[in-house]
Structure formats: C-alpha cells, structure tokens
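J.: Build the full structure now, drawing on both the sequences and the hints.
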Amino acid sequence: MKRSLSAPRGLILFAVPAVAIVVVPVVAVILRVNWSNFLASISNDVSRTALVLSIRTSLLTTSLALIFGTPLAWFLASREFKFKSLLRALCVLPMVLPPVVGGVALLYAFGRRGVVGSALNDWFGWQLAFTQTAAVLAQFFVAAPFFIIVMEAAFGQIDQRVVGSARTYGAGPWRTFVTVTLGLVRPSLVAALVLTWARALGEFGATIAFAGNTEGRTQTVPLAVFSQLESGDDSALALSMLMMFVSLIVLVALRGKWISALRRGF
Amino acid sequence: MSLEMHCRLKRTKFILDVELSIAPGCVLAVTGENGSGKSSTIDMIAGLLACAEGKIALGDKVFDDSTTNQFVQPEKRGVSTVFQGGGLFSHLSVERNLLFGRGAAFKNTAKFEATVERFNLADLLSRKPSTLSGGQRQRVALARAFLSPSEILLLDEPTNSLDAVSRDEVRSAMKSFFTTYEGIVILVSHDADEVAEIATRVANIKVVSRDITTARLSA
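Which chain is which? The protein sequence lines are A and B, in order.
Be aware that the first sequence starts at 1, since it is given in the numbering used here, and climbs by one per residue.
Be aware that the second sequence starts at 1, since it is given in the numbering used here, and climbs by one per residue.
Honestly, I wouldn't trust all of these hints.
Pulled a few chain B residues facing chain A out of the computed Cβ check, cut under 7 Å [stated by the list, open to error]:
| id | residue |
| --- | --- |
| 1 | Ala46 |
| 2 | Leu49 |
| 3 | Phe71 |
| 4 | Pro74 |
| 5 | Thr81 |
| 6 | Gly87 |
| 7 | Phe89 |
| 8 | His91 |
| 9 | Glu95 |
| 10 | Gly101 |
| 11 | Phe106 |
BS3-like cross-link-like pairs, simulated, lysine-lysine; straight-line CA separation at most 27 Å [what the hints assert, rightly or not]:
| id | chain 1 | residue 1 | chain 2 | residue 2 |
| --- | --- | --- | --- | --- |
| 12 | B | Lys13 | A | Lys82 |
| 13 | B | Lys61 | B | Lys76 |
| 14 | A | Lys84 | B | Lys13 |
| 15 | B | Lys61 | B | Lys13 |
Rather than coming from a laboratory, the hints here were simulated on the basis of the structure.
In this text, all values refer to a predicted model and were calculated from it rather than measured experimentally.
Heads up, the beta-carbon is just placed ideally off N, CA and C, and yes, glycines get one too.
T.: Next up, the structure:
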C-alpha cells in the first residue's frame with residue numbers, strides 16, 4: 001500500500017462523510033430491494049417497456065454522438081479559428097447546465113412553437129416535442145458534451161508528425177483519418193462512447209421537459225423510476241437497483257479511464 | 001532528377017528562406033540551431049507545409065509553386081520520411097507499419113523478406129512500436145522508408161534522444177541504406193559526428209535576424 005508522509009492523519013476524518021453520503025444511499029437501495037420479487041419487478045410491462053426504450057434511445061444517442069461529435073472534436077483539436085473558445089464553451093455548456101433547463105431550451109428551439117420547431121411543423125408537418133426523437137435529442141444535448149470533450153483531448157494528443165508520416169507514405173486525408181487518427185485514439189474513443197452511453201441512459205431532466213413522460217413512448221427508465229416512486233410502486237427500487245448495477249459495470253469496465261480522459265479534457 | 005527548392009516560409013515572427021539544389025545520390029545534412037527551421041524545411045519538401053512564396057520541384061515535377069497555386073499533396077510526392085521517435089503508428093504492429101500505404105504492394109514479396117532481414121526485424125514483426133526500444137523503433141522506421149519506393153528520403157533527427165548503443169545501431173543501418181539508395185537524402189541532424197560520418201554535403205541554416213527570426217538555408 002502506498003503511504004504518503006505529508007498527509008495529516010486527521011484529514012481522513014473529513015473524507016468519511018463524503019464516502020458515507022455516496023455509499024449509504026446505494027446500500028439502502030440494496031437492503032430495501034425485494035429480491036424475491038426483483039425479476040418480476042423489472043420485467044413487468046411498464047419496466048420492460050421503459051428498459052427497451054432506454055436501451056434503444058441511449059444507443060441511438062451514442063451513435064449520433066459518434067457520427068457528429070467525432071468531426072466536431074477533431075476540428076476543435078486540430079484547427080485554429082476565430083471564436084473557437086466560444087464554440088467549445090457552447091458545446092460543453094450542457095455539462096454544467098441543469099438538464100431540465102436544457103429541456104426547456106430544447107422545447108423553445110424544437111417545440112411546436114419553437115424557433116426551429118414551428119418551421120419544421122409548418123413545412124413538413126413534423127412535431128418533435130414529446131416524441132421518441134425528442135427523448136434522443138434530450139439525451140444528445142446532455143450526453144454529447146462528454147463525448148466531445150474526451151475526444152478533443154484525445155485528438156489533441158496525437159503527434160502530428162505521425163499523421164504526416166501516413167500522408168507521405170501514400171494515404172490520402174480520409175484514409176489517414178480513418179486508419180491512423182481514429183486508430184490512435186481508439187482507447188479514448190471506447191471510453192468516450194461508454195461514458196456518453198451511460199450519461200444518456202441516466203438522462204432525466206431534459207427528457208421530462210422536452211419529451212414528456214408518456215409510458216411506452218418517452219418514458220425511459222429514470223422517468224419510470226420517478227413515476228413508480230410517486231405512485232408508491234416497489235418496482236422503483238428494483239429499477240434503481242438495475243441502473244446502479246449497470247453504472248457500476250460501466251465504471252469497472254472503464255477502470256478509471258474516464259477520469260484520465262476527462263482530466264486531459266479540462 | 002534533382003530537387004530544386006527556392007522558397008520562403010512565413011509564420012508569425014518567423015521567416016525562413018530556403019535555396020537548395022540537390023542531385024540524386026547526394027546525402028545532404030542540414031544543421032542549425034533549435035528553432036531555425038530545419039524541420040520546417042523537411043515539412044515543406046514532404047508537403048506537410050506549404051511555402052508562402054517560391055517553388056519546389058523535383059526535375060520537371062512541380063511540388064509547390066506559389067505563383068501558379070500548384071500544390072501536390074504529400075501522398076502524391078513519392079517522399080519517404082523518418083522522424084524523431086520514428087513517426088510509427090503505435091496502434092499497428094511492426095509488420096503493418098512496414099506494409100502501410102505504398103508499402104502494401106510488397107506484402108509477401110522477396111523485397112519485404114529482404115527488408116526484414118536487412119534491418120533485423122524478424123522477431124519484431126508482430127510487436128507494437130510501444131514495446132520496442134528507441135533504436136528498434138528507428139530501425140523499423142528506416143525499414144519502412146527502405147521498403148516504399150521513393151525519390152526523396154527525409155530524415156528529421158533520427159538518432160536524437162537515443163542512447164549511445166542504439167545510436168550506433170541506427171547510424172550503421174542508415175549508412176548501409178544510403179549506399180544502395182538512388183534518390184536524394186536529406187538528413188537533419190544536431191550531431192557533428194553523425195554528419196561527418198554519413199553526409200556527402202552539409203548545409204547550415206543561419207539565423208540572420210532575431211527581431212523577427214529570419215533564417216536562411218542555401219546549398
């Protein structure tokens with residue numbers, strides 16, 4: 001075990017409440033879950049529908065982050081342009097914004113009477129708010145910044161001479177990007193995808209404001225937990241347990257990679 | 001075909017003027033203090049930097065001409081590079097590094113086998129560059145340059161930050177490579193011994209003004 005000579009022993013006393021505040025609720029859920037009824041609770045109609053919806057929307061969100069976030073992160077990392085700092089700040093703003101505020105903003109942008117939404121409605125008859133698409137947009141709004149910030153840091157660390165080598169040995173810009181640049185950032189890419197997916201899976205505030213809480217259509221697992229809790233349904237605990245289990249698996253799978261990835265990002 | 005380069009690179013607070021005329025078979029060593037523009041010279045020839053004014057041509061093939069806005073992309077110049085640290089792809093095995101790009105045409109060929117043998121890489125083919133020593137990495141980088149056909153070979157401080165044993169190992173690999181190479185070799189180096197041992201010509205970049213750093217290379 002590593003020992004630090006300089007840390008005063010009393011410091012540990014202050015760390016205990018921090019651990020307690022995080023750990024006690026987790027333990028409380030584990031203790032209170034009705035294990036004999038666990039499988040039934042997470043496989044009843046409401047829970048199952050919410051689970052399927054959550055998995056589908058979060059995977060879609062993650063794919064969108066990959067497709068649109070990768071080029072954005074690459075531009076932020078490798079090009080100098082005016083207002084770059086402002087663009088970066090705007091892109092990661094949702095990380096510090098209360099998600100429900102994000103939901104309100106999305107509603108005013110893409111809602112039926114929103115800035116863009118009214119035009120979409122008038123021209124194509126599209127209504128985004130309170131649909132599954134809205135749930136995906138809400139998750140993207142909240143989760144994509146994690147992807148962008150991790151990937152920008154990863155792209156920023158690439159040795160440009162290595163990319164230059166690929167070009168001189170005959171690979172064009174696209175081939176270099178796909179086979180060399182993306183290959184070099186692969187570990188960060190995996191971390192970014194898992195982190196984004198986990199954040200999308202847990203999204204609540206923006207979703208409830210912009211997509212609503214309609215069972216079978218926009219009610220993802222966190223919203224189902226909320227509804228079940230309000231109605232005093234035991235399933236809330238079982239679903240919460242499941243979410244904690246998934247989150248734990250994500251953290252163990254990443255083995256702290258996300259911490260170093262985020263640290264590089266800031 | 002000789003390489004003719006008469007061009008100027010402009011950066012914020014940095015100007016580099018290069019006048020070079022190099023014939024095939026020549027090993028030109030470029031020396032000069034840090035920040036004088038040695039690597040920028042290499043990058044302009046490789047096509048990784050565009051010159052602001054002037055022209056770079058290999059025989060009748062124009063690489064870069066500011067007056068006609070002509071610029072040939074790096075992948076079309078037929079230039080091989082060996083950078084400090086190798087410039088290898090750390091996510092690919094040694095074998096896939098060798099067979100990258102133009103090298104792919106030599107998969108399962110006698111030339112590939114000969115290259116592997118010449119640079120003593122048989123035991124390293126399946127390894128990733130990160131597991132190799134600095135000297136081994138540079139041998140791989142040299143082998144990659146050897147395998148891919150090129151008319152110009154650019155080496156940017158290939159023995160920098162190597163220990164004495166690795167440096168000798170890489171130097172002798174370079175020497176044996178250059179004796180059979182028919183194109184133009186440009187070697188950026190800090191090391192006077194290396195320059196004396198390997199180069200057939202030497203050009204020194206001189207910093208002529210420090211207000212806005214202005215450097216000049218002519219050979």
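J.: Each hint needs a verdict: does it hold in this structure or not?
T.: These are the hints, each one checked on the structure:
no. : hint                : verdict
1   : Ala46               : holds, 5 Å
2   : Leu49               : violated, 9 Å
3   : Phe71               : violated, 13 Å
4   : Pro74               : holds, 4 Å
5   : Thr81               : holds, 5 Å
6   : Gly87               : holds, 4 Å
7   : Phe89               : holds, 6 Å
8   : His91               : holds, 4 Å
9   : Glu95               : violated, 15 Å
10  : Gly101              : holds, 3 Å
11  : Phe106              : violated, 12 Å
12  : B/Lys13 <-> A/Lys82 : holds, 20 Å
13  : B/Lys61 <-> B/Lys76 : holds, 11 Å
14  : A/Lys84 <-> B/Lys13 : holds, 22 Å
15  : B/Lys61 <-> B/Lys13 : violated, 31 Å
The structure shown violates the earlier hints numbered 2, 3, 9, 11, 15.
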